[in-house]
Amino acid sequence: MITFVGAGPGAEDLITVRGQRLLGNADIVIYAGSLVSPALLSWCRTDCAVYNSAEMTLEEVLEVMTKGAREGKEVVRLHTGDPCLYGAIREQMDALEQEHIPYEVCPGVSSFCGAAAALGAEYTLPGVSQSVVITRLAGRTPVPERESVRSFAAHQATMVVFLSTGMLGRLSEELIAGGYAADTPAAVVYKATWPEEKVLRCTVGTLEETAEREHVTKTALIVVGNILEGEYERSKLYDPSFTTGFRKA
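Residue numbers (this note's numbering): 1 to 249.
A few of these clues could be false.
[Unchecked claim] With beta-carbon atoms standing in for the labels, derived distance ranges:
no., residue 1, residue 2, range
1, V143, T57, 19 to 27 Å
2, A117, G72, 33 to 41 Å
3, G166, R247, 43 to 51 Å
Since the hints were made in silico from the structure, they are not lab data. Even for Gly, the Cβ is constructed at its ideal location relative to N, Cα and C.
Let the hints inform the model, and build the full structure from the sequences given.
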């Protein structure tokens, strides 16, 4: 069996219980070394064969996985956060299906959840925002035009921007062009939940200078929206004047 495992946002104890068990049982682990903390490999057996996919092509990763599976070994493909977000797992799963090799996915805690925890933030505050847009800027890898940061900014929802720390000047321009005011609250969260975590609060207009001042150039998430400060409405969930299926007003 091949299992795609979400490693969590960074801290080694934020992997799921199931993910930890799978690592402990694995004969082969292929981990995303550019983003996954090496500390997670401490859950592996000493005789486990470990590969760093940051140094491999897709074809090389698939060769290791398919060979291991055909030899009856337990193979873990360890991705950062939750593999469903920017994990490039679909192409791996399709290739495995073509080879008739079974696989499953063990979800993980995404870094956007880790960033919210670091900020002490709730992304869906009543009366402020009830939607979260997870996106990134177009760079060396394109983004469909219909999904541009500028078009999403028009909704004024909470926005979490991945893979864009090296383009913060352009990110500010796109957010403002889309409708966010320059003084809209924002934050740069570097390596959320890692020991070296940094939380840099700023505004949409000061994203670039804030990151430059703290020498943050990669491995950070950008959070944008009025959920980061200001007033909000009380939740109806625990309001004594609101009837629910469990409690009468």
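Evaluation of the provided hints:
1. A hinted range of 19 to 27 Å holds for the C-beta pair V143 and T57, which are about 23 Å apart.
2. As the Cβ distance of A117 to G72 is approximately 40 Å, the hint placing it in 33 to 41 Å holds.
3. For G166 paired with R247, a C-beta distance near 49 Å keeps the hint of 43 to 51 Å intact.
Comparing the model with each earlier hint shows no violations; every hint is respected.
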